[in-house]
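Taken in order, these protein sequences are the chains called A and B.
FYI, the numbering used here numbers position 85 of the first sequence as 85, with every residue one higher than the one before it.
Convert by adding 1000 to the 1-based position in the second sequence; the result is the number in the numbering used here.
Don't read these hints as lab results, they were simulated from the structure.
Keep in mind the model is a prediction, meaning the values are calculated, not measured.
Watch out, some of these pointers could steer you wrong.
Below, simulated SDA-like cross-link-like pairs (lysine to any residue); rule was C-alpha separation at most 25 Å, straight line [stated by the list, open to error]:
(1) Lys1028/B to Ser130/A
(2) Lys1038/B to Met451/A
(3) Lys1038/B to Lys331/A
(4) Lys331/A to Asp1252/B
(5) Lys63/A to Trp162/A
(6) Lys1083/B to His1129/B
(7) Lys28/A to Ile1137/B
(8) Lys331/A to Glu1068/B
(9) Lys1063/B to Ala400/A
(10) Lys331/A to Arg369/A
(11) Lys1331/B to Thr103/A
(12) Lys439/A to Met451/A
Distance windows between CB atoms, simulated [what the hints assert, rightly or not]:
(13) Lys1063/B to Lys303/A: 28 to 34 Å
(14) Lys1302/B to His129/A: 24 to 30 Å
(15) His129/A to Ser1079/B: 46 to 52 Å
(16) Thr1373/B to Thr389/A: 48 to 54 Å
(17) Ser79/A to Ser1404/B: 47 to 53 Å
(18) Arg354/A to Arg1061/B: 38 to 44 Å
(19) Gly396/A to Lys1083/B: 51 to 57 Å
Quick look at which bits of chain B chain A covers, simulated, 3 or more residues with Cβ under 8 Å [stated by the list, open to error]:
(20) 1034–1047
(21) 1063–1071
No residue lacks a Cβ here, since even glycine has one placed at the ideal position from N, Cα and C.
Number of protein chains: 2
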Amino acid sequence: MANDKKLVEEITSMDVDFAQWYTDVVKKAELMDYSTIKGFMILKPGGYAIWENIQRELDARFKKVGVENVYMPMLIPESLLQKEKDHVEGFAPEVAWVTHGGTEPLVERLCIRPTSETLFCDLYKNIVHSYRDLPKIYNQWCSVVRWEKSTRPFLRSSEFLWQEGHTAHATAEEAQEETIRMLNVYEDFCREVLAIPMVTGQKTDKEKFAGAEATYTMEALMHDGKALQSGTSHNFGDGFARAFDIQYTDKDNKLNYVHQTSWGLSTRLIGAIIMVHGDDSGLVLPPAVAPTQVMIVPIQQKKEGVLGACEKLLADVSAAGLRAKLDDSDKSPGWKFAEAEMRGIPVRIEIGPRDLENGECVIVRRDTREKITVAITDAAAKASELMETIREDMYGRAKAHLESHIYDAHNYDEFLETVETKPGFIRGMWCGDVACEEKIKEDTTATSRCMPFEQEQIADTCVCCGKPAKKLVFWGKAY
Amino acid sequence: MANDKKLVEEITSMDVDFAQWYTDVVKKAELMDYSTIKGFMILKPGGYAIWENIQRELDARFKKVGVENVYMPMLIPESLLQKEKDHVEGFAPEVAWVTHGGTEPLVERLCIRPTSETLFCDLYKNIVHSYRDLPKIYNQWCSVVRWEKSTRPFLRSSEFLWQEGHTAHATAEEAQEETIRMLNVYEDFCREVLAIPMVTGQKTDKEKFAGAEATYTMEALMHDGKALQSGTSHNFGDGFARAFDIQYTDKDNKLNYVHQTSWGLSTRLIGAIIMVHGDDSGLVLPPAVAPTQVMIVPIQQKKEGVLGACEKLLADVSAAGLRAKLDDSDKSPGWKFAEAEMRGIPVRIEIGPRDLENGECVIVRRDTREKITVAITDAAAKASELMETIREDMYGRAKAHLESHIYDAHNYDEFLETVETKPGFIRGMWCGDVACEEKIKEDTTATSRCMPFEQEQIADTCVCCGKPAKKLVFWGKAY
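Turn these sequences into a full structure, and let the hints steer you where they fit.
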């Protein structure tokens, strides 16, 4: 049995070195690999299947609110990227440039999309003419490239998979409603599907998207107390519409600029899943996105009847709509347990000769390791029921972790001490001056994560400079 | 009512100008648009939704035969592309080259993947060590770029969406089995889902994939009698494995090269759907991939009870698992009929005040225009049932069209006359010499489409040169 725990022993404990623990989990659970090109990742079957489940669940939510999927070109002409001033300044330094097609040099350089605002603007300019053509609520699932200097699995890579929604509306009010509506879709999705609670609010001007009037964000708290920006929704006002000349005729036959939004969410969320739910035995996957939800493990599988009972149970559990597998390999049960734990499979069911005699099996929860003995005939129903229980419990624990890691700082001394000693979010008032954001970042590496929707006046003065406070801000170190 | 047919009147009749008919349908059914970059297309909601349905149906079939999805980088280093000699010769002339990342010139040029054999080989080299690691049956859904000089919606564009499967096996036999198995998955999918019959067989050496030992293909016959290569499956033998040094240790502890395959199918299939099933009123979509399967159209919708009955029916039809919509816009019923026909919606249901009095509605099939009067309470069940009937009938008509457009030629005079006068496939014997393929192409523009699996000796001599014949070949003009 010495060998059985090998898979697990190779993981660094998260309390010893969180960054190494993260890398170990990504590698041992076979989620991704680096390719030969620096910063470009390979999503392996275990990682890609999680993304497929995220896509399916989120896309169904998109379709319920009227989002239509499209596919836009992966290349953007340099002149198109340059049309909106702030946007090009934000992205030009980090794009990949195509200069040759086949053997011919191109007349104009093309960049691989880092994001597709400019392409959607170019489309909307051509297809939006009248108020009858509005709103346009388009989305695409694709990969984008941003040339990153330092990269980290799922959290920051030079190419990543995401969805980007791009909408056009008749009025500023509708655009603002859409911006918030989609942030809410994201937040609901993270709660109901990923069991991850979020802090939501508006980004400061310093942290907003290049070209946006306002950026809204959801921020998750990782197990180590660092924040992870997990999805953003931008209101562009009519800035892009003016730069691209996207106008429509209203009911009174007058020309108006459209108002636009965009919103995106990426494979970064897989990093959030790992760092919110994982433990020293590996991944703990939310049932809704787990590629395998139930792993059946025979004990003494060569004993008569054991494998047959497992196969029957596999059929039952699959018929109940769960993604289930049977591990009948020649590895030892201990190894199989460790492997199922490493991969974060929500429920494992063990059946051995003694269980069989009693018509029973043992269900083991990955999240709590609780063992439940049930009649084999009830196992499928029990496993189904556990999927929701597990999600609720995972959410509850993550929520408790989040809430117990939010600290208030009323002055800069308190702020510095809290940053130093208490990993988590710090609530602190802010004067609205970018200089304070810069000072805090320089002194502590913490940044303003968001101005929460629910504002409170916890002090009268800025936590940094002491001048009159304007906004409550969530500060934190972030990935 | 004069205006009601406007949508339809703007389509060129397919007998007058098939190419223009095709372009008109693509445009009027709002499937795609060109972008500002030559040869790069925008898949609009109507076109992308068909692709999503193709993906869902095909991916489910892949998973049943054990395919695992992954995602590989979109860029390939030039040195990696060059490792397999035939492969780089085939693709280097048509790739897009990235030379700068951000503001820095790259040390080595990277190409945007035209196909990903080299990347998968690089991965397999790293993860395949023992016979226990085999087989690897990976697939990815992505977009690829091939710099095309002349382009055509869906059929040929500089960027297109596809899936590419890449597998590694222990033996030559297994690789050959896999190659044929996946071609069969494709063919079944086209028959059962798209209602398109295929001619299948092996490509000649001249027409095979760059780097393959053998390429197998399925070829569909368009309404105008031209062939469309609709999916291919390649057996690489150990050619790539030798170039990339992918070896594994077998049970006897000996080193062996793996044997590999790849297989792909793309948005080109949307072109096949249009040109196999469409008519002068627009698209005719196979029910399984139609974004909307049932369109409910109220007649005199302002009359009391009409809209209410339509909404009730919409709920019933949706509950029966069909993708249904209600067109309650202020357009005339005639316009709505024309629009639903243009978009190829398989079934339309009309309800007016008179129908309501009788508790009836009228179901109209898009493919045959047959009208069926049924009780409103039976409409959902009838519409469900029609989905399979329509697919069967569409397949039957396409199959009859295919079979009635296959001609035999026993000598070159017959061949030339048939090419000239009878659009379709020509069966003709071949000596095996590439010179004959080249002569036929130069004389007629027809090419060898495939050497069918079911070989027959319809003559003793080559249809071109008169020397002894080796193979029966399907010849034809192709897109």
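Query - Numbers of unmet hints, in rising order - result: Per hint list: 2, 3, 9, 11 violated.
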